[in-house]
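**Q** Okay, here's what each chain looks like letter by letter:
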Amino acid sequence: MAKKIVVDPVTRIEGHLKVEVEVENGVVVDARCIGTMFRGLEQIVIGKDPRDVPYVTERVCGVCAGVHGWASCMAVEQAHGATVPEMGRVIRNLMMGALWLHDHVLHFYHLTALDYIDPTAVLKYDGNVPELVAVKEKIKALAEAGDLYPVLPSYTPDDFCVRDPGLVTQLVFNYLRALEIQAKGRKMSAIFAGKQPHHSSMIVGGVTCFPTLEQVEEFRHILKEVISFVRNVYVPDAFLLATGPLLPLETASVGATAGHYLSYGGYPLDNSGNNFLFPSGVIFDNNFEDVKLFNPQDISEVVNFSWYKDEAVPGHPSQRMTEVDLDKEKGYTFVKAPRYQGKPMEVGPLARLLVMRYPPFMELMQKYNIRRPGAVMRHAARAMDTLVMADVITGWVDELVKLLWETGVYGSEGNARIHDTAHWEPPDEGSGAGLNEAPRGALGHWINISEKKTSQYQMIVPTTWNASPKDENGQLGPIEQSLIGAPVPDPDNPLNVVRIIRSFDPCLACAIHMVHPKGDRVISIQPAI
Amino acid sequence: MNNYADEKELNILKLEMRGISRRTFLKFCAVTAALLGLESSYGSVLAEAASEAVKKKPVIWLQGQGCTGCSCSLLSSLNPGPAEILLDMVSMRFNTTVMNAAGYLGVDILHKTMDEGNYLLVIEGSIPTADPRYCVVEGMPFEELVVKTAKNAAAVVAVGSCSAYGGIPKAGITGAKGVSEIITEKPVINIPGCPFKPDWLVGTLLYYLSFNELPPLDNDKRPLAYFGNHNIHDTCPRVSHFEKGQFLVDWNDPSTANWCLFKVGCKGPVTFSDCNRSWWNDGVNYCIRAGSPCAGCVQPQFYESFTPLYVPLFDLTAKEEPKEAASKGGGRKEGYDARSVAVGAGMTAAVVGGYKALQALNNSGKGEAKDG
Chain A
1 MAKKIVVDPV TRIEGHLKVE VEVENGVVVD ARCIGTMFRG LEQIVIGKDP
51 RDVPYVTERV CGVCAGVHGW ASCMAVEQAH GATVPEMGRV IRNLMMGALW
101 LHDHVLHFYH LTALDYIDPT AVLKYDGNVP ELVAVKEKIK ALAEAGDLYP
151 VLPSYTPDDF CVRDPGLVTQ LVFNYLRALE IQAKGRKMSA IFAGKQPHHS
201 SMIVGGVTCF PTLEQVEEFR HILKEVISFV RNVYVPDAFL LATGPLLPLE
251 TASVGATAGH YLSYGGYPLD NSGNNFLFPS GVIFDNNFED VKLFNPQDIS
301 EVVNFSWYKD EAVPGHPSQR MTEVDLDKEK GYTFVKAPRY QGKPMEVGPL
351 ARLLVMRYPP FMELMQKYNI RRPGAVMRHA ARAMDTLVMA DVITGWVDEL
401 VKLLWETGVY GSEGNARIHD TAHWEPPDEG SGAGLNEAPR GALGHWINIS
451 EKKTSQYQMI VPTTWNASPK DENGQLGPIE QSLIGAPVPD PDNPLNVVRI
501 IRSFDPCLAC AIHMVHPKGD RVISIQPAI
Chain B
530 MNNYADEKEL NILKLEMRGI SRRTFLKFCA VTAALLGLES SYGSVLAEAA
580 SEAVKKKPVI WLQGQGCTGC SCSLLSSLNP GPAEILLDMV SMRFNTTVMN
630 AAGYLGVDIL HKTMDEGNYL LVIEGSIPTA DPRYCVVEGM PFEELVVKTA
680 KNAAAVVAVG SCSAYGGIPK AGITGAKGVS EIITEKPVIN IPGCPFKPDW
730 LVGTLLYYLS FNELPPLDND KRPLAYFGNH NIHDTCPRVS HFEKGQFLVD
780 WNDPSTANWC LFKVGCKGPV TFSDCNRSWW NDGVNYCIRA GSPCAGCVQP
830 QFYESFTPLY VPLFDLTAKE EPKEAASKGG GRKEGYDARS VAVGAGMTAA
880 VVGGYKALQA LNNSGKGEAK DG
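Protein sequence lines, in the order shown, are assigned to chains A and B.
Going by the working numbering, the first residue of the first sequence is number 1, and it counts up by one from there.
Going by the working numbering, the first residue of the second sequence is number 530, and it counts up by one from there.
Mixed in with the good hints there might be a few duds.
As the list claims (entries may be wrong) - With a Cα cut of at most 30 Å, we get these calculated DSS-like pairs of lysine-lysine: (1) K452/A with K677/B; (2) K641/B with K124/A; (3) K641/B with K4/A; (4) K452/A with K343/A; (5) K367/A with K292/A; (6) K680/B with K3/A; (7) K792/B with K453/A; (8) K680/B with K124/A; (9) K680/B with K715/B; (10) K585/B with K140/A; (11) K140/A with K792/B; (12) K585/B with K641/B; (13) K140/A with K680/B; (14) K48/A with K224/A; (15) K792/B with K124/A; (16) K715/B with K48/A; (17) K677/B with K4/A.
Read the hints as simulated data drawn from the structure, not as lab findings.
Just so it is clear, the structure is predicted and the values come from calculations on it, not from any experiment.
Put together the whole structure using the sequences plus the hints.
**A** Take a look at the structure:
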């Protein structure tokens, strides 16, 4: 007899998510992800000045703050015929690269690490490393005051949870340090971005900030500290867990999808339009040796199981509008189902590194003979994804300094360019696509402009790919696939369910920006049925 | 390999801030007291109130139609850092972004805290009213949850412009409203912004914890000390360029990089916040300094009445009254006299008049100090 488990709310993710899984004999046999919030940002920008659109759509999400603004700028720039000058490109890379470092650190420590440790082990720490003793005293004082929020309560730690007092105390210490490091990542980005979350200085055609050498060096100063943390703390922690206590979860392929991966590619390394830090590409059926070329025209949306009016055939997002059908019998979610050549695709750091064939990651996969990467490998990939950025970002700082001197900002010439002012005014007609990589994966924005106003706008965000529902062929979305087969020995303690969901770093405000809640349904809280 | 050593001492100090070393925190409190317009001696009062770690104020932090940007903004605070705020200053009972618990465990904490009462209710994101089903949170329509949770709350704080006034969602079809339109029987304090700036909330919390009452508010229910007292245009480092008629129109021209942003859409003349005084992200920068026009994100009129964002608020050369601009002031259209002000350098009387008048009509919304 299958038991239905409802987790509502799923916390430590972005947005509102409810998850239903059916468990039979201690294993998940069916899964559904349901989002419950609607703002309608795509409708809000219709009829507006296209230059407003990046400002508004950036606010789809405050966690991945900025990358939506970037993809949106790319779409509008294509529609305007604008080209971002070289210095503008480098400054964009820096402000977004800073967020890359911020976002992955935040996810690992603050959104997911608590799933893998027993925080109370700190109280058993008996070492004498001063900073760890300080952590113990801190947690002890809070525990004695009966106020360990928000660290506790938690699900009961299971056999996979790290309980070694020394290791847990170190991880809690790193958790606290990471809080500060991620705030510094935001600060670093704000040096060029104006403020964070939600930068103000990236606009259609380029950027608005004319950096001074002092600002560049301030950026470099914080960058050093953040990179040091990434290299010496975050990556070792992620690997220590992934290749140590959590390895059994991984070798059991807990949280693995069907193995289709997609990356749009992102972070332009020059102005050619062909050379990116993260390449684009597609992998099917866990066939890692065969990375296929990505063709944007092969993206389609289907809505068979979503609360939208059926359209006769799957269609490309640049041509689709959103019409709600609240009474659709077989509908069960407000997230649409994007497909690539008809397949549900996983996007995110794992997909990115597999498509990139990042050597250290491929070696790791080989070393542990991982054929179907799951939740734990997603964390390892995210850590390495951070390293990819850490390896290049200092070079971009040097590139900016060089450009600043070369273009004579400090002389009387003043021919540095950060903005394509000639294409600032909206065109009468135009259309554009902004395909990019967000920390969470492949991100696409599409715009049509008519009579100088936005006439159509669509976004397919990473979580739309990952949290998509079934399609017309009955294929589940990637997160749903990944939940099938997850061990849930105790229905009151569905740790593996939340672990798997969080390994995707879902962003629900992003994914359901266009959706409607089902008409007559008020969802009840069902801890465990 | 391990880089703790060089920072070890610092980190220990931070972790033990309330116990052994309170220097950093005392300094922050003194600065906050000054920003709030209090005598500097109040710094220690603020510090005292916040350091009662044994009985920290419980906080319920609900998220409605938002983007989590405001929670992230809180986490972006440095001095005090997020760890101090989350562990030392308040008892963060319910915040879905940071809390460990999920599902029924989380809902249990929520109900338990609601039953205990006397908590601070912080709300992020707007409340849909066109249909309650536009936002169903933790098993019930968000509006219902807000009303229920507000019942036993000691105070209600709306963080971010969505929660304060409806923000960007208000421009959509969901009937998005701010908290004070829903909660009327209790004082609501607004800390708007997209997102809010963390020191605005931390300072307000310290004030509240110290005096057990809300700080003086402006007419838009914002702390006067952070908002109503500071017009962005008046306090702008670029204002003298406005007076001289020097406007940035091309971001590529270094010689105009510090000129007035009015012509690229700055909403400074109708916006009230202290961004010019204390910058963002640990004081590293803010929009105008980064060459971006102020979008007026702390105003009740944001975003619907401020679009298009990158075109001038009104026509500086117009001889006519800038009716469109006046209507953007959220209905504060009175007292407009375009010709009563002297000619400014490089500008016509109408230009100066337009500006002054806009100031006047917005000052009417600035409000007087009042105790919440």
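**Q** Each hint: holds or not?
**A** Against the structure, the hints:
{"no.": "1", "hint": "K452/A with K677/B", "verdict": "violated (46 Å)"}
{"no.": "2", "hint": "K641/B with K124/A", "verdict": "holds (29 Å)"}
{"no.": "3", "hint": "K641/B with K4/A", "verdict": "holds (25 Å)"}
{"no.": "4", "hint": "K452/A with K343/A", "verdict": "violated (36 Å)"}
{"no.": "5", "hint": "K367/A with K292/A", "verdict": "holds (24 Å)"}
{"no.": "6", "hint": "K680/B with K3/A", "verdict": "violated (36 Å)"}
{"no.": "7", "hint": "K792/B with K453/A", "verdict": "holds (20 Å)"}
{"no.": "8", "hint": "K680/B with K124/A", "verdict": "violated (41 Å)"}
{"no.": "9", "hint": "K680/B with K715/B", "verdict": "holds (9 Å)"}
{"no.": "10", "hint": "K585/B with K140/A", "verdict": "holds (16 Å)"}
{"no.": "11", "hint": "K140/A with K792/B", "verdict": "violated (57 Å)"}
{"no.": "12", "hint": "K585/B with K641/B", "verdict": "holds (16 Å)"}
{"no.": "13", "hint": "K140/A with K680/B", "verdict": "violated (33 Å)"}
{"no.": "14", "hint": "K48/A with K224/A", "verdict": "violated (41 Å)"}
{"no.": "15", "hint": "K792/B with K124/A", "verdict": "violated (63 Å)"}
{"no.": "16", "hint": "K715/B with K48/A", "verdict": "violated (37 Å)"}
{"no.": "17", "hint": "K677/B with K4/A", "verdict": "holds (28 Å)"}
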